[in-house]
Every structure is written in structure tokens, then in C-alpha cells.
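K.L.:
Residue strings, one per chain:
2 protein chains.
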Amino acid sequence: MRILFKNAKILDAEISNFLQGHVVVEGDTIIYVGEIIPKLSFDEIIDCHNNILMPGFVNAHCHSPMTLLRGACDDMPLNNWLFDNIIPLENKLTAEDIFWGEKLAILEYLASGITCIEECYFENESIIKALKQSGLRARVGFGPSTRKVENLVDFLKSQLSLCDGEMIKPCIYVHSIYTTSSSEIEQCVDFAAKYNLPMSIHLCETLEEVGNCTVNNGGLTPPQYLESLGFFDRQTLCYHCVHMDKDDLQILSDYDANICTCPSSNVKLASGIAPVYAMQNKNINISIGTDGAASNNSLDMFKEMFLVATLSKVDISDASVVRAKEVLKMSIINGAKALGFDCGEVKVGKKADLILIDTQKPHMQPNDNLLSHLVYSAKSSDVYLTMVNGEILYRDGKFLREDVDTIYKKVNEIKERLKNEYK
Amino acid sequence: MRILFKNAKILDAEISNFLQGHVVVEGDTIIYVGEIIPKLSFDEIIDCHNNILMPGFVNAHCHSPMTLLRGACDDMPLNNWLFDNIIPLENKLTAEDIFWGEKLAILEYLASGITCIEECYFENESIIKALKQSGLRARVGFGPSTRKVENLVDFLKSQLSLCDGEMIKPCIYVHSIYTTSSSEIEQCVDFAAKYNLPMSIHLCETLEEVGNCTVNNGGLTPPQYLESLGFFDRQTLCYHCVHMDKDDLQILSDYDANICTCPSSNVKLASGIAPVYAMQNKNINISIGTDGAASNNSLDMFKEMFLVATLSKVDISDASVVRAKEVLKMSIINGAKALGFDCGEVKVGKKADLILIDTQKPHMQPNDNLLSHLVYSAKSSDVYLTMVNGEILYRDGKFLREDVDTIYKKVNEIKERLKNEYK
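Heads up: the sequence lines are chains A and B, in that order.
Under my numbering, the first residue of the first sequence carries the number 31, and numbering increases by one thereafter.
Under my numbering, the first residue of the second sequence carries the number 31, and numbering increases by one thereafter.
The reader is advised that the hints may include incorrect statements.
Stated by the list, open to error - Using C-beta positions, here's what the derived DEER-type ranges look like:
hint : chain 1 : residue 1 : chain 2 : residue 2 : range
1    : A       : Gln163    : B       : Asn311    : 19 to 27 Å
2    : A       : Lys439    : B       : Gly427    : 22 to 30 Å
3    : B       : Ser258    : A       : Asn397    : 42 to 50 Å
4    : B       : Asn121    : A       : Tyr307    : 29 to 37 Å
5    : B       : Ser258    : A       : Val245    : 46 to 54 Å
6    : A       : Asp220    : B       : Gly427    : 53 to 61 Å
7    : B       : Asn121    : A       : Asn397    : 17 to 25 Å
8    : A       : Asn109    : B       : Asn47     : 25 to 33 Å
9    : B       : Asn242    : A       : Ser211    : 23 to 31 Å
10   : B       : His79     : A       : Glu446    : 14 to 22 Å
11   : A       : Asp114    : B       : Gly248    : 51 to 59 Å
Said to hold, decoys possible - Pairs of lysine-lysine residues, derived as DSS-like cross-links and limited to a Cα-Cα distance of at most 30 Å, are as follows:
hint : chain 1 : residue 1 : chain 2 : residue 2
12   : B       : Lys439    : A       : Lys355
13   : B       : Lys380    : A       : Lys428
14   : B       : Lys36     : A       : Lys449
Hints were generated in silico from the structure; no laboratory data involved.
Here the structure is a predicted model, which means the values were calculated and not measured.
We put the CB at the ideal spot given by N, CA and C, even for glycine.
Chain A extracted, bound-state conformation (with noise of 0.2 Å):
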């Protein structure tokens, strides 16, 4: 299968200026990207005027099956609204419940161009069930969830093999520190070396966190105490990180730690708003991520990257500082760095992980500007085509390999079986 995408404004490898030209991909890879449109013959042809051509977003931190919970309890902080409701809601989900709900997190990544996530639940085989089903691209994390397991080194091995290691990769998953214990953790790091793969976990996501660990830990903050655990000898991607001093960042950055910022759950859940120029000084790689819609409410990559751009300045009185196109950095190629994939460019010999927004929409006129529109104005509903390691997923609209209506059936049913549990 060969497809031209062609007359694009093609936003180049760089994220820092727009090519007018051409883009050809070949099964999985792009194989051309050019002002010339080669001599070939293609299987599609697909007219890009006036559409920007980019990689597709990676969504670096979610939940998805957590949209069957969307709505189900807002205006709480995060302790009483894990502990006292969602957990307890968690515990009614059957393993076919959360197969529909990453089915339906799968419709709104698609719909607003996420093609790459990654998955932190429990009940990984309906997880990965659905994205296989859906051609999504994910890492998937495996370990001490909020869902506990019995023998946890021998279920960790057998989660693995649930990975292909092409479109869903594994990394062992540690939920946060106030939920595993420290020979947990431990065990969960020597697993990952011993498997040589990279670990992922919630780390200062809220004070009571940070307070908690030092008052626990002999006054170590939560990164001294995982770097005491070892955590950080492993490839890292740490999840919030909104209450991180100079010296907590300077642990990650030594490292080479990953993080992925969540500002809307962040501010939804009143946790606090991330140091993120602080981390960009540290020079460490930063993503972003949606969290789950039970916190934030919606998988919007488009939304997050218009509160990190601002929430940034906001938060310490510089409107300069975060830049679109830095957010627009972390938002492609950092996720795809911190998830190991290789895609998120628009570059020969990359994923063909790309998406096709429209710009003729009011909020995008006058048609220049257009890194900046697409931090500071865009909307996911600009997304026209979302296509995954080559293959166009969403179109129009349309879901090329969802049944959309049988997907709202069924989590309507959820819903309406967990509904006594929601009052």
C-alpha cells in the first residue's frame, strides 16, 4: 500500500517551520517527504490543500478504560476522590468492562490525532484486546497497579508476552509510592533489569505525597527515596511531577529521567501546576500526558498543550517562557523519546504516525501563525485524518475499523449498572 499525501503544509522534523510539499508513505514508514511529488504509483491519493500535514500526538500518561468513570466524581482532590470513590468504583469493573472503555478512550484519541499512548490500568489483556483491535500504538505498564495481584514477579512475566514488542510494547508500571511498598518497588526494579525494560510511576503528584514520603522516609523526598530504591538506574518516566524542587529535579535530570506533565488533571484535582520551565533548564525531556478522564475530563491532547503553555507562565509571572513551540515539541517527538517509538517526525525512514488538521476553520484565520494557532487556538475537532503506522484509522469523522454505536451501547450499559454506585 503506497499513499501520496499531497500539497501539505508539512510541519517539519525540526516542529519548527511548515514545508509546502509532498509526503509519500509505503506500508508502515514514510518514504518520501519532498516539494516534488515523485514518479510512483500510489494506491491512494490524497489532496492536503490547505491542511497541516504532522506526526500525530503521544499521549504519555492515561488510564483509558477511566472514561467509563467520566463525570462520575468531580470537585473532590485526589486522595478523597482515588480512595473514597474511584477505587471503590474500580473494584465493580469486569475485565469485558474495561475492554469497552479503552474502546471508547480509543474513539477520542483518534478523533483528536493521538496515535501513540501510554496505558497504566489493570486487566491488560482487554486493554491490549482493544488496541490491538484498534491499531493504536502503546506502551503498555505492567506491575503494582491500584488493582493488586498475588505473586507479583510471576505476574509480571506473564504479562509480557501479551506485548508483540512492535505496536505495543511493555514497561513495568510502579502506581506511586503511597500505594506500593518499598520491597514492591524493589522487586518491580529488579524485574526490569533482569527484562532490560524501562519503569514508569505517579511521583509528587500532590503535597500530602511529598509529605507524606519525607515524614515516612526519614526525610527523603519522594525522588531521594526512589533513588535510593534504585528506580532511576532503569529508563524512567515519571507521571505529574508538580511538587519537585531544584534539587528533586536535579535527581532526574542526573538520571536522565523522563517526565510527562498532566496540567488539566492537575488543576482539576487542585494538585498544583507543574514546574515546567524549571524542568526545561534542568534539560530533561518533558511529554505530556492526559490522565484519565475521570480526572480531567476529556482525551485532548489540544487542551493540555494550550494549560501547559500557559499555566507555565502563569505560574511564575513570565508570559515568555514555554513557548508554542516547545509545547508542541513535548506534546510529538518527546512523547515518542520518552515511549521509545520511533515516530513523531515527518522524516524518510519514520513511523508513518501522522495526522491532516484543517485550517480553514474561523479560529484559525488569518491562515499564518500556524504554530502558534495550533498550541494556542486549534481544537481537536480540527483533526480530519488520523493514520497509525500507515494505515488511516480516522477520516472525516468516520472510524475506518470502529463500530462507534456499539461502543456508546455498551458503555452506556456500564454506566448504567454502576449508576447506584455513582449517587
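With the hints as your guide, set chain B onto chain A.
P.N.:
Using the frame of chain A, we list chain B on its own:
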């Protein structure tokens, strides 16, 4: 003309629940809301199955023609942005340019369900011509803007006749205390008293404004200074109000002043986060505005609602405050009250400013908790239909009065002409 909206989820007049039922509009007015279709003949029947029917949004603060400068000056603090960049560009804008900038903003308003605005700019002949062509409802501010006039009182008199008092109402608009002298403000107050007009002003938008005011006016904060000039003796609408302490808010409360909060502009310009919860506790009528597209950079009340709810939480570290229902009221009925229009409720006798929201989108599923979804997960692209004063102006992506291609062509020509100024 009599139109039936049937089978809708109708947001009730208290903006707290949904009624499954039917609404009849005759001429410019809602004449029926109920569970049984009345026995009448209809010119048009609109089946609203799966749609929310609700009042249109009231955008209580904007400078619409600044769409022409979208993305032109990002990542700068307010004073640098305004005086060094925006005003020099604005000085190049002709009356005709402003007409086309207003038209572009109107497209954004209609496509995102905004049916009524408070407009503050200059060249009001152009603005009102565009507004009348469009069918939008507006209160238009006349007064000492950033574009100076020779004789203020003569100017104000000349502007009043531009309004029809029905769809286009006047108010006296003082740009700010830092661009207007005390004698100009007093002239405006006198004029407003003589003609019984309400007044508007940017107030306490930045810390710099507050600091300069106290230094230059014997320690008076901006609200104290305005009180000394008799400003609050009129009905007033104060934009932004980011840096107000409880004594400042008490002044606004004592005089029944209205506030319009503009969070996206405040965070992008790093001005700060408005104390919305403290305003609520002073029983002040709080409305919401987008501000202009040169500062925020899109005219989207869904974006503003999410920000009001979540920034208010994170600002005081309390996730339980400023809930979805309260924010929805701010964006609709509080705005109508602040501007003095008889709209903002789906209720017999009210003006028919109505919108339909498509709930069959992935981010609106499961299809429960719709009040929450409207604030936390809905997008402006979910607006399917926009009616103002009984006339359908936007439906399913089509603008029924506007020529989109011509507007895009004109604004891009203007942008090209200004381009050298942008570099």
C-alpha cells in the same frame, strides 16, 4: 415563523437539570417549554434526539476585531504586548479592516454557540454594521478606548444613535485607569448618568496596574480610586479583576457591580488567576468573557468554562469549589444579567437565543452527568445549531447569513498587508 424543537434534553431555567421535552419558538421569543408537543402548526420541526437544547453563551468581554492579530504577538506580558506590539499594529487598522475582523469573530461566536457579546473596541460604525448583518446580540462600549478621540462628550453623543436599543445596546466603556485620565473618567460617569447608561472597564488586570494606581493616587487601589470618581454609582461591569483583595471585592459587592472573568487571557499574558471563589463569597454577579483573540487566542466559551472551574480550584488548593453548575450559570444567565438582556434561560417569554449540543461524541460518553460534561469535557465543535432572537444563524457547520470564503479572503489580505509589522 414558528419553530418546534422536539425531543430535546432541555437545560432548565435554573441551569441545574435537564428536562426531556419540547420547545416552541415564535418570532424572537420562546412561547412553550414542556413535555407534550402543543397542538400548533409549525414552519419547521427540528428533531433534537440526543441533543442538549440550552441558552446560547454570553461572552461578556471581547475585542472581536483582534481576530486580525491572532498569533501575531505571543509570549509577552501585558504591557509589552499592548503598548509595544498591539497598539502599533492597531494603528494600521482601517475602519474596513475592523469590519472584516468583526465578521471573522462572529463566525467563531456562532460556530461555538455564543449568541450575545459585550464588544469593546473602536471604529464602532464598522463593528455595528457587521453585528447587524450577522444577527448577533451585543452590548457595544463607547468611550475612551486605546484609539483617542478629539472631543469625548461630542464623540459619545455621536455614537449613541448607532444602537437600536433592542439587539444592539450601548454602554460607556472606559478602557482602563492606566489609559484614561481622571477627568475623562469623570466625563464618562457624567455622560452615563445623563443618558442612564451602564459602564464597563478593565480593572485590576495586572499587579502593575494595581501598584501604579496606589503610587499615583495616594494609596488608593483601583476600585477605591474609581469609587472616588463616582464610577460605581452607575451599573458597572468590570473585566478581569485578577488582583483584588477582599476589601476591593467588598466595594464591588456594595455597589452591585458585575465582574467578567477572562481566564485564558490572564494565564497566557501571565497576569494571574482571578479570585473567583472569593468573588462568589461576596455574592458578586460573575460572568465570563473570552477577551480578544490576540491575547488568548480563540473565542471559545468552553475553553473559558474549563479554565474558570479548574484554575479557581488550583489557585486555592481546593478541588471542591467553583463547580460545573456554577460555571455554567456564569457563562449564560450571569452574562445576560451583566449585559442587561432578556435571554439566558429556556423559559417562556425569554428571547430565543438557543443552541443545540450534540451529545453523540466519544468525549460526551457515557451519556450521563451532562452538566459535568458541558463544562469539563464538551468542545465548542459539539455545537450543532445556533439561534439568535429566533433566527437560526448556524447549523451543522453552515453559516446561514455569512459568506465564509469572502471573510477568509479579506482577513488574509489584511494580514498580508500588515505582515511587515509582525516581523
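K.L.:
So, for every hint listed, does it hold in this structure?
P.N.:
Hint check:
1. Gln163(A) x Asn311(B): 19 to 27 Å: For Gln163(A) and Asn311(B) the Cβ distance comes to about 50 Å; the hint is violated.
2. Lys439(A) x Gly427(B): 22 to 30 Å: 26 Å, holds
3. Ser258(B) x Asn397(A): 42 to 50 Å: Since Ser258(B) and Asn397(A) have Cβ atoms about 48 Å apart, the given range 42 to 50 Å holds.
4. Asn121(B) x Tyr307(A): 29 to 37 Å: 33 Å, holds
5. Ser258(B) x Val245(A): 46 to 54 Å: At 52 Å between Cβs, range holds.
6. Asp220(A) x Gly427(B): 53 to 61 Å: 56 Å, holds
7. Asn121(B) x Asn397(A): 17 to 25 Å: With a Cβ separation near 23 Å, Asn121(B) and Asn397(A) satisfy 17 to 25 Å, so the hint holds.
8. Asn109(A) x Asn47(B): 25 to 33 Å: For Asn47(B) against Asn109(A), whose Cβ atoms are near 30 Å apart, the range 25 to 33 Å holds.
9. Asn242(B) x Ser211(A): 23 to 31 Å: Given range 23 to 31 Å: violated, Cβ gap about 56 Å.
10. His79(B) x Glu446(A): 14 to 22 Å: Roughly 19 Å apart at Cβ, these two residues keep to the hinted range, so it holds.
11. Asp114(A) x Gly248(B): 51 to 59 Å: Given about 52 Å between the Cβ atoms, the range holds.
12. Lys439(B) x Lys355(A): It holds: about 27 Å lies between the C-alpha atoms, which stays within 30 Å.
13. Lys380(B) x Lys428(A): The given pair, whose Cα atoms are some 38 Å apart, is violated under the 30 Å limit.
14. Lys36(B) x Lys449(A): 27 Å, holds
Comparing the model with each numbered hint stated earlier shows that hints 1, 9, 13 do not hold.
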